[in-house]
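**Q** Please build the complex by placing chain C on the supplied structure of chain W, with the hints as guidance.
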Amino acid sequence: MVKASLILGIAILVVVGTVLIGCGGGGTETGTLQFYANGEDFVRQGFVSKDGWSISFDHVYITLADVTAYQTDPPYDPHSDGVIQPEVEIGLDDVYTVDLAEGGEDAPPILVGEVQDAEVGHYNAIYWEMVRASSGPAAGHSIVIIGTAEKGGQVVDFTISIDEECGYSCGEYVGDERKGILQEDGVADLEMTFHFDHIFGDADTPLDDDLNLGAIGFEPFADAAEGEPVDINMTELHLGHVGEGHCYCLCE
Amino acid sequence: MCIKRKLITGLIFTLALCLVLPMQVYAHGARIEYTSSTEIEIVAKYDTGEPMGGAQVMVYAPDNPSTPWLTGVCDDEGRFTFVPDSTKPGTWDVQVRQAGHGDMVHIPVGEGAVVAGSSGGYSVLQIVLMAVCVVWGIAGTALYFSRRRA
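Those protein sequence lines, which keep their order, are chains W and C. Be aware that the first sequence starts at 949, since it is given in my numbering, and climbs by one per residue. Be aware that the second sequence starts at 139, since it is given in my numbering, and climbs by one per residue.
One chain only, chain W, in its complex shape:
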């Protein structure tokens, strides 16, 4: 009788333990996290450079790799260093070449990819690399910008190719709404934002503003058509952002 009770007790122990472990380990809630790339209205609608060139874009190809989102606590500070220490991390496996000028003037940002079984929580940091494409319209380059510039009746059709590869470590998106807050069975998004006014400058911004002081302008690229090489330091141009939020950038 005692032996039967003990066997029954051990059996109950095994069943209860199994159920408890099952409940604890399989309770991770998930949703869908989407990754977007955005060249902003500067790319979609064109703009006037700091040196007076009216620029419009036909294609702006950019190739992205190792796109990864993180949940960090404390939140990652891109002003400190490039090391993100995540509690949760998910990412896209492939390399993507996207055209930031795709669509009309009011086109939405470009969907790069998504992860459908992302653990819920606040994805408050993101990392991506800008790499040279191995094939396609941007093969051999990390950025290819194709468009037309006009100034004082002079029209220049241009193709600007950039070969530098960069890694961008960014904190939370800064903009009209907070991004990356993923709830169970919900959809959230993160954005890789590219500020092309940092390359060409912006006539609507004071010339002594830091943005224009650091920008190249378009004049050197117009001269490049006549054989003048353009020296571009992508690390100093800070092309990659998260909305208005800055990123830690390392290029080579």
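Computed list of chain C residues with no C-beta within reach of chain W, every gap over 12 Å:
hint: 1; residue: G192
hint: 2; residue: F220
hint: 3; residue: V221
hint: 4; residue: D223
Here are some chain W residues pointing at chain C (derived, C-beta under 10 Å):
hint: 5; residue: H1070
hint: 6; residue: G1119
hint: 7; residue: V1122
hint: 8; residue: D1124
hint: 9; residue: E1125
hint: 10; residue: H1143
hint: 11; residue: T1153
hint: 12; residue: D1157
hint: 13; residue: D1158
hint: 14; residue: G1191
Everything labelled a hint here was simulated from the structure, so no lab data went into it. Computed from a predicted structure; not experimentally measured. By construction, the Cβ of each residue, glycine as well, lies at the ideal position given by its N, Cα and C atoms.
**A** Relative to chain W, chain C alone:
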């Protein structure tokens, strides 16, 4: 002996004086009340050091990262102050934006800062039940074998 008595008398007198003096002060009717609060001040500046005067500020409490708990604008010096709700400990996020420039600062408030996301670990009840089961299993097994030897 006499000196000892004088000392004791002196101590009693001093003690009595100490007890009386506060009552005299209180008798004037002055009363000060205070509330303890932690005010947070941020100062927003551009990289050049220029203050972000008039910049838009949004404050997010730890329990609701989607909806601003408070909104406002920086003063001419780029300053903005607020008193966080002390019943909401954790990381308070403050976003400042102006003319296409922006940044966000994360301020820990109180103890036991809230951790974003979920870990998927065991609940306290599950841990207690599992511990009871383990103890029961060990004791039962030990009793079973000790009875067989007997």
